[in-house]
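Colleague: Residue numbering for the first sequence follows numbering that gives the first Met the number 0, starting at 0 and increasing by one per position.
Derived by calculation from the structure, the hints in this document are not laboratory data. Note that CB positions come from ideal geometry on N, CA and C, so glycine has one too. Watch out, some of these pointers could steer you wrong.
Derived DSS-like pairs (lysine-lysine); straight-line CA-CA distance at most 25 angstroms [said to hold, decoys possible]:
id, residue 1, residue 2
1, Lys19, Lys206
2, Lys119, Lys53
3, Lys53, Lys2
4, Lys73, Lys93
5, Lys7, Lys64
6, Lys424, Lys19
7, Lys134, Lys206
8, Lys2, Lys19
9, Lys53, Lys85
10, Lys7, Lys134
11, Lys53, Lys273
12, Lys134, Lys19
13, Lys64, Lys93
14, Lys53, Lys93
Computed beta-carbon distance windows for the label pairs [what the hints assert, rightly or not]:
id, residue 1, residue 2, range
15, Leu345, Glu56, 33 to 41 angstroms
16, Arg222, Ala248, 24 to 32 angstroms
17, Glu57, Ala248, 48 to 56 angstroms
18, Leu345, Pro372, 53 to 61 angstroms
19, Glu398, Glu113, 51 to 59 angstroms
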Amino acid sequence: MVKPSIPKGTRDFTPETLLKRNYIFDIIRQTFERFGFVPIETPAMENLSTLMGKYGEEGDQLLFKILNSGDFLKQVDLSQDQDYRKVASQICEKGLRYDLTIPFARYVVMHRHEITLPFKRYQIQPVWRADRPQKGRYREFYQCDADVIGSDSLLCEAELMLLYDEVFTRLQLPVRIKINNRKILQGLAETVGCSSMLSDITTAIDKLDKVGTEGVRQELQERFLPQEAIDRIMQYLQLSFAELPAFLANSAAGIQGIAEVTQVMDFLASTPLKNELVADPALARGLNYYTGCIFEVQATQLQIGSIGGGGRYDNLTGTFGMPGISGVGISFGAERIYDVMEQMGLFPEKITKTSAVVLFACFDVAAQRFAMPLAQQLRHAGISVEVYPEPVKIKKQLEYADRRAIPHVVILGSEEMASGLLTVKNMQTGQQQQLTVEALISQLTE
RNA sequence: GAGGAUGUAGCUCAGCUGGUUAGAGCGCCAGAUUGUGGCUCUGGAGGUCGCGGGUUCGAUUCCCGUCAUUCUCCCCA
Numbered sequence: 000m001v002k003p004s005i006p007k008g009t010r011d012f013t014p015e016t017l018l019k020r021n022y023i024f025d026i027i028r029q030t031f032e033r034f035g036f037v038p039i040e041t042p043a044m045e046n047l048s049t050l051m052g053k054y055g056e057e058g059d060q061l062l063f064k065i066l067n068s069g070d071f072l073k074q075v076d077l078s079q080d081q082d083y084r085k086v087a088s089q090i091c092e093k094g095l096r097y098d099l100t101i102p103f104a105r106y107v108v109m110h111r112h113e114i115t116l117p118f119k120r121y122q123i124q125p126v127w128r129a130d131r132p133q134k135g136r137y138r139e140f141y142q143c144d145a146d147v148i149g150s151d152s153l154l155c156e157a158e159l160m161l162l163y164d165e166v167f168t169r170l171q172l173p174v175r176i177k178i179n180n181r182k183i184l185q186g187l188a189e190t191v192g193c194s195s196m197l198s199d200i201t202t203a204i205d206k207l208d209k210v211g212t213e214g215v216r217q218e219l220q221e222r223f224l225p226q227e228a229i230d231r232i233m234q235y236l237q238l239s240f241a242e243l244p245a246f247l248a249n250s251a252a253g254i255q256g257i258a259e260v261t262q263v264m265d266f267l268a269s270t271p272l273k274n275e276l277v278a279d280p281a282l283a284r285g286l287n288y289y290t291g292c293i294f295e296v297q298a299t300q301l302q303i304g305s306i307g308g309g310g311r312y313d314n315l316t317g318t319f320g321m322p323g324i325s326g327v328g329i330s331f332g333a334e335r336i337y338d339v340m341e342q343m344g345l346f347p348e349k350i351t352k353t354s355a356v357v358l359f360a361c362f363d364v365a366a367q368r369f370a371m372p373l374a375q376q377l378r379h380a381g382i383s384v385e386v387y388p389e390p391v392k393i394k395k396q397l398e399y400a401d402r403r404a405i406p407h408v409v410i411l412g413s414e415e416m417a418s419g420l421l422t423v424k425n426m427q428t429g430q431q432q433q434l435t436v437e438a439l440i441s442q443l444t445e
């Protein structure tokens, strides 16, 4: 006998869980479509050549690689000591996708002739990372991405802010949306005389919420920034957005970044958000492919890290031979949104219930045969119906209805078949009535 | 990659400084109620104490190893 198990960091979803997850996905999907995004899907596996080198050194390590079929050892040169990475590249040509952005870039290039720019796509699919699982972190998890590719306009950024606002409003989950611009951070790096260390600075600043100002200072010291630069960065972190122009006055990039954020705000001037939108100079985001505006969403009532993020990237398709295309996108962290909503009790009561509204409980096979056309009649009236498949004791069948939270049970035996009147039991009140099918239907469809 | 914690019934866990038939709650099954769920009562089933080795007269308990799970850091969603 094999002890049943699933791989580390993966999950089965129970009906209760999946009904709640789908509630979130449905709202996100509907909102994407309301903003004119169209769906695509890409394969779970991509060629490793598509994925490798796109997520940094550590990213390559975190890719799940798929062993070639057939006699994969035939190709391998084991005559001398080899780096395992080299061997891996000889025996694996495919890998599971790590995110939805790179496959999308690949998709755009491959389908360039059938795509009309600007192209607005959304994609809700699982991704895989060979990471060590932790609380709220899995090896298989879903991403919900929407990107606009082929437009430089900051109206896209503004609309994405409205999209975030709409989704979290519908989920009744209060959030703070932060916006900043990579060029502002670049301006900071220039201003403190460390342009070449931009990514060190952004990864350090990114931890501000987690480790505090002293933690950031320490992080910067470990990354060997000059003391003077560190002092000025600490000074920067205290600034409000309004104070940035003075601080970044000598950086063309910095001024450009401020202008971009301001313009996004201008686009939103006459469509106020229901949630908080703040320009936050301290917002960094680790990913290095962002080049313009960057966003992050946090739940305001719970400390749980970000539940969404995104930004503008230039030239994402460049590595696939299609340079000069700019895009901007956002992502929803479905797993964390779920956790927050669960903790705050935001899932509507009715989605946690079973789908069936009526159960037919039959005494014997004759009653079951009698029930079949009645069940169909109810179903055609739009009512979800189950017929209990075994002619066992009514006690047993009522117990089943009780556990599945099915609100109505039709008890069917010789008496009902003779009279043509159905015995309908309301499982909440325990009361029973004798009804014709028509009366039952009209009662349930009121 | 580094460090910690935990593995006992289907689930959540108790089990004293090592001691003879390893317990509880919940769940499950049956009955009280042969055409009626929840509540109650009665009875019942269910355990290689993760696995391997060691110490001992004796190990669920102590030691070592191993596997699994989980948490923190790194990184990320």
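Colleague: Compare the structure with each hint and give your call.
Modeller: Results for each hint:
About 31 angstroms separates the Cα atoms of lysine 19 and lysine 206, which puts this hinted pair outside 25 angstroms; it is violated. With a C-alpha separation of about 22 angstroms, the suggested pair lysine 119 and lysine 53 falls inside the 25 angstroms cut-off, and the hint holds. With a C-alpha separation of about 38 angstroms, the suggested pairing of lysine 53 with lysine 2 is violated against the 25 angstroms cut-off. Proximity of lysine 73 to lysine 93 is assessed by CA-CA distance (about 17 angstroms); at most 25 angstroms being required, the pair is judged to hold.
With a C-alpha separation of about 16 angstroms, the suggested pair lysine 7 and lysine 64 falls inside the 25 angstroms cut-off, and the hint holds. The straight-line distance between the Cα atoms of lysine 424 and lysine 19 is roughly 28 angstroms, outside the 25 angstroms bound, and the hint therefore fails. The hinted pair formed by lysine 134 and lysine 206 meets the criterion: a straight-line CA distance of about 19 angstroms does not exceed 25 angstroms. As the CA atoms of lysine 2 and lysine 19 are separated by approximately 29 angstroms, the hinted pair breaks the 25 angstroms bound.
Using a Cα cut-off of 25 angstroms, the hinted pair lysine 53 and lysine 85 holds, with the two alpha carbons roughly 18 angstroms apart. Restraint check: the Cα-Cα separation between lysine 7 and lysine 134 comes to about 12 angstroms, which is no more than 25 angstroms; the hinted pair holds. Restraint check: the Cα-Cα separation between lysine 53 and lysine 273 comes to about 36 angstroms, which exceeds 25 angstroms; the hinted pair is violated. For the given pair, lysine 134 sits about 19 angstroms from lysine 19 by alpha-carbon distance, which is consistent with the 25 angstroms threshold.
Using a Cα cut-off of 25 angstroms, the hinted pair lysine 64 and lysine 93 holds, with the two alpha carbons roughly 6 angstroms apart. Between the alpha carbons of lysine 53 and lysine 93 the distance comes to roughly 15 angstroms, so the proposed pair stays at or under 25 angstroms and holds. Separation of leucine 345 from glutamate 56 is about 39 angstroms and conforms to the stated range, judged on CB atoms against 33 to 41 angstroms. A beta carbon spacing of about 26 angstroms between arginine 222 and alanine 248 agrees with the range 24 to 32 angstroms that was offered as a hint.
For glutamate 57 and alanine 248, the Cβ-Cβ distance of about 36 angstroms falls outside the hinted range of 48 to 56 angstroms, so the restraint is violated. A beta carbon spacing of about 42 angstroms between leucine 345 and proline 372 contradicts the range 53 to 61 angstroms that was offered as a hint. Against the hinted window of 51 to 59 angstroms, the Cβ-Cβ separation of glutamate 398 and glutamate 113 comes to about 56 angstroms, which satisfies the hint.
Hints 1, 3, 6, 8, 11, 17, 18 from the list above are not met by this structure, while the remaining hints are.
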